[in-house]
Amino acid sequence: MTITEALKITQSAPRDARPFTVTLACGFTPLHLQTFLAARLQQALPDRRVTIAPGLFGDLAGTLEAAAASAPADALAIALEWSDLDPRLGYRSAGDWGPAAAHDIVAGARLMLDRVAAALVRIPAGPRIALSLPCLPLPPLFHTPGWLASGHQMLLETDLLHFAAGLGQTGRLAIVNPQRLAEDSPAAERLDLKSDLYTGLPYTMRHADRLAAQLARALAPPAPKKGIISDLDDTLWNGIVGEVGPEAITWDLTSHAQLHGLYQKLLASLARSGTLIAAASKNDPAVVAKAFERNDLLLRPEHVFPVEVHWKAKSGSVARILEAWNIAADSVIFVDDSPMELAEVAAAHPGIECVLFPKDDYPAGLAMMRRLRDLCGREQVSKDDALRLESIRRSAAFHEQASGGAAPESFLQQIGATITFDFAATEPRVLELVNKTNQFNLNGRRYTEADWRKLLSAPGAVWVAVSYEDRFGPLGTIAVVAGRLHSDHLAVESWVMSCRAFARRIEHQTLRMLFEATAADAIDFSFTPTAKNGPLREFFAGLSGEEPQTGFRLTRSQFEANCPTLYHEVRELRRAEAHG
Amino acid sequence: MDDTRERLMNCFQVVFPDLSTEAVQTASSATLESWDSVAAITLMNVVEEEFGLSMDLDNLAELDSFEHLYSHLQKRLQAV
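The listed protein sequences derive, respectively, from chains A and B.
If you read the first sequence in numbering that gives the first Met the number 0, its first letter stands for residue 0, the second for the next number, and so on.
If you read the second sequence in numbering that gives the first Met the number 0, its first letter stands for residue 0, the second for the next number, and so on.
Source of the hints: derived by calculation from the structure; they are not laboratory data.
Quantities reported herein were computed from a predicted structural model and do not represent experimental measurements.
Treat the hints loosely; a few may be bogus.
Listed next, the stretches of chain B that the computed footprint assigns to chain A, with coverage defined by at least 3 CB atoms under 8 Å from CB atoms of chain A [said to hold, decoys possible]:
#1 11-19
#2 39-53
To be clear about the criterion: a stretch of chain A counts as covered by chain B if any three or more of its residues have a C-beta under 8 Å from a C-beta of chain B, and this derived list gives those stretches [stated by the list, open to error]:
#3 0-8
#4 185-197
All C-beta atoms in this analysis are idealised placements derived from N, C-alpha and C, irrespective of residue type, glycine included.
Work the whole structure out from these sequences, hints included.
See the structure below:
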């Protein structure tokens, strides 16, 4: 991105959009880093108006201490540099570089890291925080020749890594990956000494852009893809199983098929972190079933669901897998070694991410695996992530036994369903669910962590996280409602429910609970029709007998007149805590 | 209007988007409040990108108006 492009992007922000304010903490003049960060964030958040407020020049720790003491912005970006730890580690200071100073610099830097860490942990929860570690080369101040690592340099880097690891473990901030940054911006091309001395910005234009891009991605990360649909022959394993037989397919070093083994390991790792994995293959089902019985497969069969194996078009397999997962094509990646198959699936499922498995091309194979991790990687893995695939299997079993569509009364009566309403849930899963659910979603509105906390801390705020379990197993936390209680009605701003939980009348039980817990006579929903929230629209229409309009209101009597029989056992958590 | 003048006007409007076309041509750091040190450096970089020239930060203080920048560019472009 050029500075001209960046300025034009920042100027294109909608003037009446909700502001997104970022504090940029750095000890140097932010100049182009500020412009590029604003532009990159504006691209990531096109419906917001991004503004960047720089911190204090030469006092990064002071900026963070001020942030800890005041009302937080929407986000905080921290570009830490060596000179923030001791001015002698930069080029603008006249301080001594002699051997005696080196001990003092290391000791002082350690104290400054402690001060920065202490300020960071005091910043109130809410704003997202991104940190980049010092990325400029150290000046030639230590006594060793530049091609040797000095002991002082090692001590500085050790202290820095301890500092970063400690902060990383708090889960409070996102740390820019120094290795990835080095790929985008080589170390030797980062420092602009003249700019540093004349303007106070030590970065080259290119480095300012690359660092801003990484900070912006850390502050406004793209939603991870939810699932991968993989081909089998010459993709999950090496060989055509129908020709060579289940015993002769390979994925190991000896057979020079390790790329397939690495791919299997990656899929297994992603599956354990909550990414759904399915298989789509043109093959004989009996032969594939035999292959999946091999106990040396690195991707275990229990991690793969559904498995679509037949001789028909793969686009049909993908359609059935998407239906079983109940997610849209744009949340899914399709991997195949055949460009023709990729093209056929891409044409039938616009938005799906098609990735070629590059058999025998090792650099491309590595790039593909990194891309899959980038697209599916998660900052944190919750217990609900681990439950997801099993929950989908159970859901499939549920729908099979319920004969599809609306579940018959006798079936719902017999499944032993329990719904738990938690009136004070704050775990990350709650906001994650709000931000990734499309079909049963009141208005499609997405929230930053800061926005969400604001909503929950407003006077009269009411919010409920809903979990579900039946004899098919637990589905985990599957719905969230949030709003504000007024004198005679409840105003619901956000209501989402996972599509895995459809057809169980959980939405009815949720409304019953809301009417009962708040004693409201009516609920005003901040409803807006979207391209995807048809299921919620139909639900409202079923209760009110008419097509719901923006700002839909449901009265208690309307609900009671149209609510079907509910068979759940209901449990409540922390209702007294939430309502005093 | 010659090409250099027009391109320089575009540069000014990228850095000072609220400035009218007429006001651009009389703009200077003395008359334009938003022309601070940050804007001056940004303007130099936008001019570098537009004209493919390297602008020396040593000249920053002298290039303090549209006309000074225009004259400077004319000389540089003629010398190329």
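Starting from the hint list further up, note which numbers the structure goes against and sort them upward.
-> none
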